[in-house]
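Protein sequences appear in the order of chains P, F, Z, S, D and R.
782 is the number of the first residue of the first sequence in my numbering; add one for each residue after it.
782 is the number of the first residue of the second sequence in my numbering; add one for each residue after it.
782 is the number of the first residue of the third sequence in my numbering; add one for each residue after it.
553 is the number of the first residue of the fourth sequence in my numbering; add one for each residue after it.
553 is the number of the first residue of the fifth sequence in my numbering; add one for each residue after it.
553 is the number of the first residue of the sixth sequence in my numbering; add one for each residue after it.
By construction, these hints were calculated from the structure, which means they are not laboratory data.
Honestly, I wouldn't trust all of these hints.
Simulated pairs of lysine-lysine, DSS-like, Cα-Cα distance not exceeding 25 Å [unchecked claim]: (1) F:LYS811 with S:LYS585; (2) R:LYS565 with S:LYS593; (3) R:LYS600 with F:LYS815; (4) F:LYS815 with S:LYS585; (5) P:LYS815 with D:LYS593; (6) D:LYS585 with Z:LYS811; (7) D:LYS585 with P:LYS791; (8) R:LYS585 with D:LYS585; (9) R:LYS585 with Z:LYS830; (10) R:LYS593 with Z:LYS811; (11) D:LYS593 with S:LYS600; (12) F:LYS830 with R:LYS597; (13) R:LYS600 with F:LYS830; (14) P:LYS791 with F:LYS791; (15) R:LYS593 with F:LYS791; (16) P:LYS791 with S:LYS593; (17) F:LYS791 with S:LYS600; (18) D:LYS597 with D:LYS585; (19) D:LYS597 with P:LYS811; (20) F:LYS815 with S:LYS565; (21) R:LYS593 with Z:LYS815; (22) F:LYS791 with S:LYS593; (23) R:LYS597 with F:LYS815; (24) P:LYS815 with D:LYS585; (25) S:LYS565 with R:LYS585; (26) Z:LYS811 with F:LYS830; (27) F:LYS830 with R:LYS593; (28) Z:LYS830 with D:LYS565; (29) S:LYS597 with P:LYS811; (30) P:LYS811 with Z:LYS830; (31) S:LYS585 with P:LYS791; (32) P:LYS791 with Z:LYS791; (33) R:LYS565 with Z:LYS811; (34) S:LYS597 with P:LYS830; (35) D:LYS593 with Z:LYS830; (36) R:LYS597 with S:LYS593; (37) D:LYS600 with R:LYS593; (38) R:LYS593 with D:LYS597.
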Amino acid sequence: DQLQLRDSLKMYNSLVERCFVDCVDSFTRKSLQKQEETCVMRCAEKFLKHTMRVGMRFAELNQNAPTQD
Amino acid sequence: DQLQLRDSLKMYNSLVERCFVDCVDSFTRKSLQKQEETCVMRCAEKFLKHTMRVGMRFAELNQNAPTQD
Amino acid sequence: DQLQLRDSLKMYNSLVERCFVDCVDSFTRKSLQKQEETCVMRCAEKFLKHTMRVGMRFAELNQNAPTQD
Amino acid sequence: MASPSPIPAGVTKEQAFSMAQTEMEYRVELFNKLAQTCFNKCVDKRYKEAELNMGENSCIDRCVSKYWQVNGMVGQLLSAGKPPV
Amino acid sequence: MASPSPIPAGVTKEQAFSMAQTEMEYRVELFNKLAQTCFNKCVDKRYKEAELNMGENSCIDRCVSKYWQVNGMVGQLLSAGKPPV
Amino acid sequence: MASPSPIPAGVTKEQAFSMAQTEMEYRVELFNKLAQTCFNKCVDKRYKEAELNMGENSCIDRCVSKYWQVNGMVGQLLSAGKPPV
Numbered sequence: 782d783q784l785q786l787r788d789s790l791k792m793y794n795s796l797v798e799r800c801f802v803d804c805v806d807s808f809t810r811k812s813l814q815k816q817e818e819t820c821v822m823r824c825a826e827k828f829l830k831h832t833m834r835v836g837m838r839f840a841e842l843n844q845n846a847p848t849q850d
Numbered sequence: 782d783q784l785q786l787r788d789s790l791k792m793y794n795s796l797v798e799r800c801f802v803d804c805v806d807s808f809t810r811k812s813l814q815k816q817e818e819t820c821v822m823r824c825a826e827k828f829l830k831h832t833m834r835v836g837m838r839f840a841e842l843n844q845n846a847p848t849q850d
Numbered sequence: 782d783q784l785q786l787r788d789s790l791k792m793y794n795s796l797v798e799r800c801f802v803d804c805v806d807s808f809t810r811k812s813l814q815k816q817e818e819t820c821v822m823r824c825a826e827k828f829l830k831h832t833m834r835v836g837m838r839f840a841e842l843n844q845n846a847p848t849q850d
Numbered sequence: 553m554a555s556p557s558p559i560p561a562g563v564t565k566e567q568a569f570s571m572a573q574t575e576m577e578y579r580v581e582l583f584n585k586l587a588q589t590c591f592n593k594c595v596d597k598r599y600k601e602a603e604l605n606m607g608e609n610s611c612i613d614r615c616v617s618k619y620w621q622v623n624g625m626v627g628q629l630l631s632a633g634k635p636p637v
Numbered sequence: 553m554a555s556p557s558p559i560p561a562g563v564t565k566e567q568a569f570s571m572a573q574t575e576m577e578y579r580v581e582l583f584n585k586l587a588q589t590c591f592n593k594c595v596d597k598r599y600k601e602a603e604l605n606m607g608e609n610s611c612i613d614r615c616v617s618k619y620w621q622v623n624g625m626v627g628q629l630l631s632a633g634k635p636p637v
Numbered sequence: 553m554a555s556p557s558p559i560p561a562g563v564t565k566e567q568a569f570s571m572a573q574t575e576m577e578y579r580v581e582l583f584n585k586l587a588q589t590c591f592n593k594c595v596d597k598r599y600k601e602a603e604l605n606m607g608e609n610s611c612i613d614r615c616v617s618k619y620w621q622v623n624g625m626v627g628q629l630l631s632a633g634k635p636p637v
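With the rest of the complex left out, here is chain P (with noise of 0.2 Å):
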């Protein structure tokens, strides 16, 4: 479980990054500015939406391994 909280911690960095490269792109401030925690908010939840969404159907295709396609 030590190796389970190292991966989400792993998750939670690809995350961040992917958020800000997408969302952040003017750095005439050092805030934040309203459209851009908007976009934050939305990417981090739609990754996790999605996140789990793909863990359901891992976990299924995983539970019928041994042969598939």
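Given chain P, work out where chains F, Z, S, D and R should sit, using these hints.
Chains F, Z, S, D and R in isolation, oriented as in the chain P frame:
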């Protein structure tokens, strides 16, 4: 050799990711189409041959390591 | 500090990769050309200065950590 | 074909544990790459809303399915070419 | 909100050490991603000179500050949605 | 200049082992990055055939050689600027 196993698994995952990204772009069905399969197989073979060639060159350079360039 | 060594090696590898990708694009010879060498040196120096600056800012933020923004 | 190597007979408990850990790291990395890749292929990056829409959801399901197939194909190619690791 | 999880009470010394190491790995990765990302956003890739110019320097400072804020926002979102890890 | 740091004298066996492992991880990562980068620079991504053609092969050889040189240059720059790690 545990380390080696881990590396080859890492290489394996990178290979899968690369060939998927380069060859699969349509998501109207849940199964690979014929031309996607062909592309994946060629991609994988090409990447393996590439890796072997790089490995040979890399080994040569490592042997003459102390001074190079 | 073993961890630190490993990190600095990781950083080193990323630096080499970045400067190679950004500066080397011709493969008609097996040796670096003069302008490629210049580009690599500037890239490496710039990246190191960048990393030091980011490190300073990062340390400041970590000190005021509990509350930010 | 998903798992790259079954644990061979006659290994010590320590080795088995270490192998199981490696196997798990492999699965975690597979999952992470799959998740990142399918997000790139399927999700609109303008983030107009916080929900995944129907098109994105079905794209994700198919993407996972296809990624899994590619994973299996590459596994077969590797195990055909040379003895298991 | 920068650190994702405080060390809970009642853990063994070994566990605490292991957690501290994981925490540190997390910070190192955060730093590395931040550094790479801000380099991509702020630095001119033509490398006409070896120095960072004034525009690049102030872009870097703001980039670090904004990245830190995004890190905090995501931390809050995650800790709001579910119990700490 | 390829290896970033020789093992200094007067270290325990455990430390030496740990260093050797770190050194090896470094080489593995160097190799992986080199392989990925040269594939990107040299190989046609349309995958019209499963073989590397002559142009790709000679591009790969030169790419490896140049990557190695860049690795050496960066090593020299770092060891010139500050004492070895």
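Each hint, compared with the structure:
no., hint, verdict
1, F:LYS811 with S:LYS585, "19 Å, holds"
2, R:LYS565 with S:LYS593, "49 Å, violated"
3, R:LYS600 with F:LYS815, "14 Å, holds"
4, F:LYS815 with S:LYS585, "24 Å, holds"
5, P:LYS815 with D:LYS593, "20 Å, holds"
6, D:LYS585 with Z:LYS811, "32 Å, violated"
7, D:LYS585 with P:LYS791, "11 Å, holds"
8, R:LYS585 with D:LYS585, "17 Å, holds"
9, R:LYS585 with Z:LYS830, "23 Å, holds"
10, R:LYS593 with Z:LYS811, "14 Å, holds"
11, D:LYS593 with S:LYS600, "23 Å, holds"
12, F:LYS830 with R:LYS597, "14 Å, holds"
13, R:LYS600 with F:LYS830, "15 Å, holds"
14, P:LYS791 with F:LYS791, "16 Å, holds"
15, R:LYS593 with F:LYS791, "21 Å, holds"
16, P:LYS791 with S:LYS593, "21 Å, holds"
17, F:LYS791 with S:LYS600, "35 Å, violated"
18, D:LYS597 with D:LYS585, "18 Å, holds"
19, D:LYS597 with P:LYS811, "23 Å, holds"
20, F:LYS815 with S:LYS565, "44 Å, violated"
21, R:LYS593 with Z:LYS815, "20 Å, holds"
22, F:LYS791 with S:LYS593, "22 Å, holds"
23, R:LYS597 with F:LYS815, "18 Å, holds"
24, P:LYS815 with D:LYS585, "24 Å, holds"
25, S:LYS565 with R:LYS585, "34 Å, violated"
26, Z:LYS811 with F:LYS830, "20 Å, holds"
27, F:LYS830 with R:LYS593, "15 Å, holds"
28, Z:LYS830 with D:LYS565, "38 Å, violated"
29, S:LYS597 with P:LYS811, "23 Å, holds"
30, P:LYS811 with Z:LYS830, "20 Å, holds"
31, S:LYS585 with P:LYS791, "12 Å, holds"
32, P:LYS791 with Z:LYS791, "16 Å, holds"
33, R:LYS565 with Z:LYS811, "40 Å, violated"
34, S:LYS597 with P:LYS830, "14 Å, holds"
35, D:LYS593 with Z:LYS830, "15 Å, holds"
36, R:LYS597 with S:LYS593, "18 Å, holds"
37, D:LYS600 with R:LYS593, "23 Å, holds"
38, R:LYS593 with D:LYS597, "18 Å, holds"
When the structure is compared with the earlier hints, violations turn up for hints 2, 6, 17, 20, 25, 28, 33 and for no others.
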